[in-house]
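**Q** Below, each chain spelled out in residue letters.
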Amino acid sequence: GIQVEQSPPDLILQEGANSTLRCNFSDSVNNLQWFHQNPWGQLINLFYIPSGTKQNGRLSATTVATERYSLLYISSSQTTDSGVYFCAVEQDFGNEKLTFGTGTRLTIIP
Amino acid sequence: EAGVTQSPTHLIKTRGQQATLRCSPISGHTSVYWYQQALGLGLQFLLWYDEGEERNRGNFPPRFSGRQFPNYSSELNVNALELEDSALYLCASSLYRTKVAETQYFGPGTRLLVL
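Here the protein sequences line up with chains A and B, keeping their order.
Read the first sequence against our numbering and you will find it ends at 110, with the numbers running on by one and no gaps.
Read the second sequence against our numbering and you will find it ends at 115, with the numbers running on by one and no gaps.
Hints listed in this document are in silico derivations from the structure and should not be mistaken for laboratory results.
Given the structure is predicted, the values throughout are model-derived calculations rather than measurements.
Don't take every hint at face value.
[Claimed, not checked] Here are the simulated distance ranges between beta carbons:
no.: 1; chain 1: B; residue 1: Arg57; chain 2: A; residue 2: Val64; range: 27 to 37 Å
no.: 2; chain 1: B; residue 1: Thr20; chain 2: A; residue 2: Asn24; range: 30 to 40 Å
no.: 3; chain 1: A; residue 1: Asn38; chain 2: B; residue 2: Glu54; range: 22 to 32 Å
no.: 4; chain 1: A; residue 1: Tyr48; chain 2: B; residue 2: Thr9; range: 20 to 30 Å
Using N, Cα and C, we set each Cβ at its ideal position, and we do this for glycine too.
Let's have the full structure, built from the sequences with the hints guiding it.
**A** Following this line, the structure appears as structure tokens:
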């Protein structure tokens, strides 16, 4: 099956810093989503981005499908950005399951 | 618009018992997905239901089963509970259209603890 790797596994930053999270996948995909898992466990949708670039406030994401990677940028980090960030991919139409990466744990220090 | 809802929020069972978890999708969504997040194992796909039928299944034993009702809500049943079934169970919903990938939206989860 498809492999999804995220880096770095852990990231500790001071408030106000910028960060880049990476997601590499081993095969072509037709869906890629970024999530933020809050301390209570809920997965919050950040982006649906199988290709191209999107921005939402301080967050933006870029997926280069031909090179099989996606990047999540967080600018001017706030303590509320802390948590685990997951990318997840869906490979085949008709096989509608998301395969998740191992996540990046982001800790923002005041 | 209400999001995906799940019940109960927490569930405590003992080994060998059965657990039933419930999920209500976003209005208008026909597909429901179940995922397991166990400590150290990451998020793993369990089941996908659409229009009342099981469409795909992850690498889990038959003890894990479920169903989807005519109103598109879903139940996940776990029989003969084992200690390693302790996990956060997440439900997601989406539209389903052939050859079109849709965003999956997740509920808050049910934390199952097996003692």
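**Q** If a hint holds in the structure, say so; if it doesn't, say that too.
**A** Against the structure, the hints come out as follows:
no.	hint	verdict
1	B:Arg57 x A:Val64: 27 to 37 Å	32 Å, holds
2	B:Thr20 x A:Asn24: 30 to 40 Å	38 Å, holds
3	A:Asn38 x B:Glu54: 22 to 32 Å	30 Å, holds
4	A:Tyr48 x B:Thr9: 20 to 30 Å	27 Å, holds
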